[in-house]
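With the hints as constraints, model all of the structure from the sequences given.
Take 71 as the starting number for the sequence shown in the working numbering and just add one per residue.
These aren't lab readings, by the way, just hints derived from the structure by calculation. Since this is a predicted model, take the numbers as computed values, not measurements. Don't take every hint at face value.
Claimed, not checked - Computed beta-carbon distance windows for the label pairs:
#, residue 1, residue 2, range
1, Ser630, Tyr546, 18 to 28 Å
2, Ser630, Phe521, 42 to 52 Å
3, Ile788, Asn723, 55 to 65 Å
4, Thr677, Pro650, 46 to 56 Å
5, Leu797, Leu534, 48 to 58 Å
No residue lacks a Cβ here, since even glycine has one placed at the ideal position from N, Cα and C.
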Amino acid sequence: MLKIRLFSITFLLTFTSLLSFAQQFATISGTVTTSDGKPAAYISVGLKGKGLGNVTNEKGIFEIQRVKPGSYILRVSAVGIQNIEKPVTITAGEHKTVDFVINQNSNQLNEVNINQGVNKYIAKKSEFVSKMPLNNLENPQVYTTITKETMADQLVFSVDDAARNATGVQKMWESTSRGGDGGAYYASRGFIVQAKLRNGIAGNVTGRNDAANLENVEFIKGPSATLFGSTLTSYGGLINRITKKPFEGTGGAVSFSTGSYDFNRVSTDFNFPVDKDNHIYARLNTSYNYKGSFQENVFDKGFFIAPSLSYKVNDKLDFVFDAEIANGTSTLKPFVFFYFPVAQLGFDRADQAGIAYDKSFTGDAMKQKYNSSNFFSQANYKFNDNWSSHTSFSSNYSFSNGRGTYLFLVPNSYFNPAAAPGAEVLSRADQSTDNSKVFTYEVQQNFNGTFNLGSVKNRMVLGLDYLSQNSDQLFYSIDTFDITNKNGTGANYNDFTEHNLAAFYAALPNVPKYPYNFKTNTYSAYVSDVINLTDRLIALAALRVDRFDNKGNSDRAGSSPKGAYKQTVFSPKFGLVFQPIKDQLSLFANYQNGFNNVNGIDYKGDTFKAEQANQIEGGVKTNIFNGKLTGAVSYYYIKVKDIVRGYNQDASNPNAQIQDGNKISKGIEAEVIANPVDGLNIIAGFAYNDNHLENASPDVEGRRDAYSAAPYSANLWISYKFNAGSLKGFGLGAGGNYASDNKIVNSVSQGVFILPAYKVFNASVFYDHSRFRIGAKVDNFTNQKYWTGYSTMNPQDLRTVTGSVTYKF
Numbered sequence: 071m072l073k074i075r076l077f078s079i080t081f082l083l084t085f086t087s088l089l090s091f092a093q094q095f096a097t098i099s100g101t102v103t104t105s106d107g108k109p110a111a112y113i114s115v116g117l118k119g120k121g122l123g124n125v126t127n128e129k130g131i132f133e134i135q136r137v138k139p140g141s142y143i144l145r146v147s148a149v150g151i152q153n154i155e156k157p158v159t160i161t162a163g164e165h166k167t168v169d170f171v172i173n174q175n176s177n178q179l180n181e182v183n184i185n186q187g188v189n190k191y192i193a194k195k196s197e198f199v200s201k202m203p204l205n206n207l208e209n210p211q212v213y214t215t216i217t218k219e220t221m222a223d224q225l226v227f228s229v230d231d232a233a234r235n236a237t238g239v240q241k242m243w244e245s246t247s248r249g250g251d252g253g254a255y256y257a258s259r260g261f262i263v264q265a266k267l268r269n270g271i272a273g274n275v276t277g278r279n280d281a282a283n284l285e286n287v288e289f290i291k292g293p294s295a296t297l298f299g300s301t302l303t304s305y306g307g308l309i310n311r312i313t314k315k316p317f318e319g320t321g322g323a324v325s326f327s328t329g330s331y332d333f334n335r336v337s338t339d340f341n342f343p344v345d346k347d348n349h350i351y352a353r354l355n356t357s358y359n360y361k362g363s364f365q366e367n368v369f370d371k372g373f374f375i376a377p378s379l380s381y382k383v384n385d386k387l388d389f390v391f392d393a394e395i396a397n398g399t400s401t402l403k404p405f406v407f408f409y410f411p412v413a414q415l416g417f418d419r420a421d422q423a424g425i426a427y428d429k430s431f432t433g434d435a436m437k438q439k440y441n442s443s444n445f446f447s448q449a450n451y452k453f454n455d456n457w458s459s460h461t462s463f464s465s466n467y468s469f470s471n472g473r474g475t476y477l478f479l480v481p482n483s484y485f486n487p488a489a490a491p492g493a494e495v496l497s498r499a500d501q502s503t504d505n506s507k508v509f510t511y512e513v514q515q516n517f518n519g520t521f522n523l524g525s526v527k528n529r530m531v532l533g534l535d536y537l538s539q540n541s542d543q544l545f546y547s548i549d550t551f552d553i554t555n556k557n558g559t560g561a562n563y564n565d566f567t568e569h570n571l572a573a574f575y576a577a578l579p580n581v582p583k584y585p586y587n588f589k590t591n592t593y594s595a596y597v598s599d600v601i602n603l604t605d606r607l608i609a610l611a612a613l614r615v616d617r618f619d620n621k622g623n624s625d626r627a628g629s630s631p632k633g634a635y636k637q638t639v640f641s642p643k644f645g646l647v648f649q650p651i652k653d654q655l656s657l658f659a660n661y662q663n664g665f666n667n668v669n670g671i672d673y674k675g676d677t678f679k680a681e682q683a684n685q686i687e688g689g690v691k692t693n694i695f696n697g698k699l700t701g702a703v704s705y706y707y708i709k710v711k712d713i714v715r716g717y718n719q720d721a722s723n724p725n726a727q728i729q730d731g732n733k734i735s736k737g738i739e740a741e742v743i744a745n746p747v748d749g750l751n752i753i754a755g756f757a758y759n760d761n762h763l764e765n766a767s768p769d770v771e772g773r774r775d776a777y778s779a780a781p782y783s784a785n786l787w788i789s790y791k792f793n794a795g796s797l798k799g800f801g802l803g804a805g806g807n808y809a810s811d812n813k814i815v816n817s818v819s820q821g822v823f824i825l826p827a828y829k830v831f832n833a834s835v836f837y838d839h840s841r842f843r844i845g846a847k848v849d850n851f852t853n854q855k856y857w858t859g860y861s862t863m864n865p866q867d868l869r870t871v872t873g874s875v876t877y878k879f
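In structure tokens:
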């Protein structure tokens, strides 16, 4: 009741402020038409140098609200059309009408809209996926971009929430908040992926990956080592956070959100000029977030600060400086490991396990502190209209200290060998971190150029990269603190507390400790060329040379590092795009490579080489009906080779290894983003992944990898916003996610354990005004019990309700 009253008071105060401020501003509206008198849709109209504007709707109508009294230059602009400017003077409370006629006719404008895409839920161009500005239809690689508009409609507060819209991406683990973990774990194309990149370079995150400073999130599919290396990517792809940048003008927003399980969040976004000449702009994004749980003693709280500064020296040179500072405290949500054969448990599905869904099985104060301090800079220099230089620097520091509790099922036969299959109890265990730290540094230099060889257009990037990682981590653990009933009714249920766990560790004569200390340096050079063989046929060729220098592992006692090695790898990438209908339909194919550095020798004494993953993919991309319908359908085949496995043919050497293992991962992905009528937006995706291990241990030979998530998944989101009439600004949306049965244990010796298929439905409603936004959402509104996991069984959130109010200035 107190929370409802606080939210009501906040809303009333904000709404009253909005009414008073509304009288101090004015509105500019009008119509933009083509040279032949037709409405000019999707044209930008804004106040020059003020960062305030809007886009015309399908009828060519625009409206700019909350304009301060004064004199301005009103500019009409779009790629492919000539800019038009008109002076305008406006007074407080005035509603002024200004109309424009552009120099293109309706047919010419349609071509511009097709090229650019008009759906605000679609990012039709990325400068990061290929490290050069490239339209999606020109790019032979598949990627999904979740835009800020999608995140706003769905009340997204983290990368976890945004990932629900990425085709074929499934969350497996939430963040453990341990230093160096990089946030949550996801699966893509049968492999583990984490969000370790920010604006194309290292951007590790400890704890929850906050969305306060996110512009877009890119999910780039398939092995991508050629342009991004192997350290921060996986064979399934990578996740790249694109952050907000300072803009010309003054403005921002303040938001307050509250909801189920004591959820409370305050966030701010403020942009302002630093100097009177308007060469330096700053932007500050912040958030404070507290989230409880339907399970007792589970929470995550912390603050996030992300300042950004841009300095335009002149038309050729500019700088951008950023930081991300996060500090928080959290407790791990319960997750259950499987250390005994499934046959001994008496059940083989999570919904048969009988573990109390609403219990955490941990007491108070079993928490972990985490923080990260990341700093970034970029210098951009334009040599001429064809060549430019981009120099980037990233410094990441992450820290964690505290508890990492977990559970595992203990079969009845462990206590009584004659007992029938079954498991009535859980073992409670812990793996703590002791002031663990991870440092990551990256320096990247890219030269981008456009040139012709004869009549053939080339777009090229030449890059150099240095990446350094330094881990100083220490883990210590106990396998069993105690045994308690799995239904949460045991007399000792409340004994697993910080006080008792600390006493348990203190009583041990030798606490098992596991140092994870290493230092690596990676030196890389790469080149990528996009070649327009014709205006419809495009080829891509790229190559990376990567020199990996592992300085070895050591413990904290200061002993000499062991296991140092160096390795050189070449990573190629090729692509081909053909557009039967230019700028609307493309047929594409790609060959992409990834690798992982490997140390050691095989049973013959030969040194291991780097493990390799090669992908072949082909498909279709579309951008039709003036950008109202975009989509992609593709089939991929990934083969991982040179996997190290045990070699059991030599009884005299039981630890012998051989490097001949393979993993085959293949599947299809289909994605559609549509804007069939004004205000209606649809995001839909379907993915199927089939993978198995070859030349593996007999225990898993031919079986699906247990770390690759469900084979089938689907996502859907449909939203509608009224852009005219008495309901203008009001919108609502609904959608959900589906995943099929997931085998998280899958071997001959351990058996098969399944996380059941699930369908989770979500919905939102909002009212968006130029001065404020009010929204609410319901996640998992059917209150379904379901589980995800990374070889574990992790219960997910039940129904949650969230309300939010934002004031824009």
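message: Tell me the numbers of any earlier hints that the structure contravenes, in ascending order.
response: none
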